[in-house]
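K.L.:
Residue numbers (this note's numbering), protein chains in the order written: chain A, 452 to 562; chain B, 4 to 117.
Calculated from the structure, these hints are not laboratory results. Computed from a predicted model, the values in this text were never measured in an experiment. Cβ atoms here follow ideal geometry from the backbone N, Cα and C, with glycine treated the same way. There could be a bad hint or two in this list.
Taking beta-carbon pairs under 8 Å as the criterion, some of the chain B residues facing chain A (in silico) [as the list claims (entries may be wrong)]:
id : residue
1  : Ser30
2  : Val32
3  : Phe36
4  : Leu46
5  : Leu48
6  : Phe78
7  : Gly99
8  : Gly109
9  : Pro110
10 : Arg113
11 : Thr115
Derived CB-CB ranges, DEER-like [as the list claims (entries may be wrong)]:
id : chain 1 : residue 1 : chain 2 : residue 2 : range
12 : A       : Ser458    : B       : Gln41     : 15 to 23 Å
13 : A       : Thr528    : B       : Ser56     : 41 to 49 Å
14 : B       : Gln41     : A       : Thr495    : 17 to 25 Å
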Amino acid sequence: EDKVVQSPLSLVVHEGDTVTLNCSYEVTNFRSLLWYKQEKKAPTFLFMLTSSGIEKKSGRLSSILDKKELFSILNITATQTGDSAVYLCAVIIQGAQKLVFGQGTRLTINP
Amino acid sequence: SAVISQKPSRDICQRGTSLTIQCQVDSQVTMMFWYRQQPGQSLTLIATANQGSEATYESGFVIDKFPISRPNLTFSTLTVSNMSPEDSSIYLCSVGRAGTDTQYFGPGTRLTVL
Numbered sequence: 452e453d454k455v456v457q458s459p460l461s462l463v464v465h466e467g468d469t470v471t472l473n474c475s476y477e478v479t480n481f482r483s484l485l486w487y488k489q490e491k492k493a494p495t496f497l498f499m500l501t502s503s504g505i506e507k508k509s510g511r512l513s514s515i516l517d518k519k520e521l522f523s524i525l526n527i528t529a530t531q532t533g534d535s536a537v538y539l540c541a542v543i544i545q546g547a548q549k550l551v552f553g554q555g556t557r558l559t560i561n562p
Numbered sequence: 004s005a006v007i008s009q010k011p012s013r014d015i016c017q018r019g020t021s022l023t024i025q026c027q028v029d030s031q032v033t034m035m036f037w038y039r040q041q042p043g044q045s046l047t048l049i050a051t052a053n054q055g056s057e058a059t060y061e062s063g064f065v066i067d068k069f070p071i072s073r074p075n076l077t078f079s080t081l082t083v084s085n086m087s088p089e090d091s092s093i094y095l096c097s098v099g100r101a102g103t104d105t106q107y108f109g110p111g112t113r114l115t116v117l
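With the sequences and hints as input, model every part of the structure.
P.N.:
Right under this line is the structure:
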């Protein structure tokens with residue numbers, strides 16, 4: 452069974468801290484990994500990763516994929532209260548277009 | 004990306020009734036999907052909405068309970084039939100285009116069944 456596991460499930464930090472969110476996967480035939488941020492209802496797209504070792508970066512957020520060790524990390528530097536959200540990791544499998552989601556990491560940034 | 008709208012944004016329904024959720028995209032897309040997010044849980048794919056043919060359902064989801072229509076490349080509906088409190092969830096549509104794995108999500112419909 453295809454599985455995506457995120458850790459930690461919950462994280463509380465102070466504004467200005469740097470956080471690292473983890474996503475590991477066990478899937479039959481990996482194609483790509485996506486990160487989303489969910490604040491209320493709709494997940495908003497952050498990154499798509501298909502190749503190992505190539506960092507994707509957007510402002511204070513960055514992500515990288517390790518296809519040998521089957522994991523990805525999402526880093527957020529100089530966190531702000533607006534970064535508080537659930538961060539979702541999802542995998543797409545070869546031959547299927549569907550997203551298989553992890554449980555999410557609930558990140559809370561305290562002022 | 005695409006601009007996606009969903010209607011209604013939220014609803015409170017009585018047990019045994021049905022609700023139809025609409026998903027509209029501002030441009031033609033290849034793929035449309037329907038996901039469910041139960042309280043405190045992550046997203047689970049219900050089905051892939053296929054234009055001009057029957058939807059493809061995931062294990063645990065059936066057409067009688069979640070009938071789906073997709074009459075064209077910009078619109079789809081999901082009906083939650085004969086609702087029970089266990090159907091209380093956020094329902095999300097997402098869209099994708101051929102040649103890219105990125106999916107974009109609509110704003111979601113928060114359904115509460117009493």
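K.L.:
Taking the hints in turn, state whether each one holds.
P.N.:
A quick look at each hint next to the structure:
no.	hint	result
1	Ser30	violated, 16 Å
2	Val32	violated, 12 Å
3	Phe36	holds, 7 Å
4	Leu46	holds, 5 Å
5	Leu48	holds, 5 Å
6	Phe78	violated, 18 Å
7	Gly99	holds, 6 Å
8	Gly109	holds, 6 Å
9	Pro110	holds, 5 Å
10	Arg113	holds, 6 Å
11	Thr115	violated, 13 Å
12	A/Ser458 - B/Gln41: 15 to 23 Å	holds, 21 Å
13	A/Thr528 - B/Ser56: 41 to 49 Å	holds, 47 Å
14	B/Gln41 - A/Thr495: 17 to 25 Å	holds, 20 Å
Hint compliance for this structure: hints 1, 2, 6, 11 are broken, all remaining hints hold.
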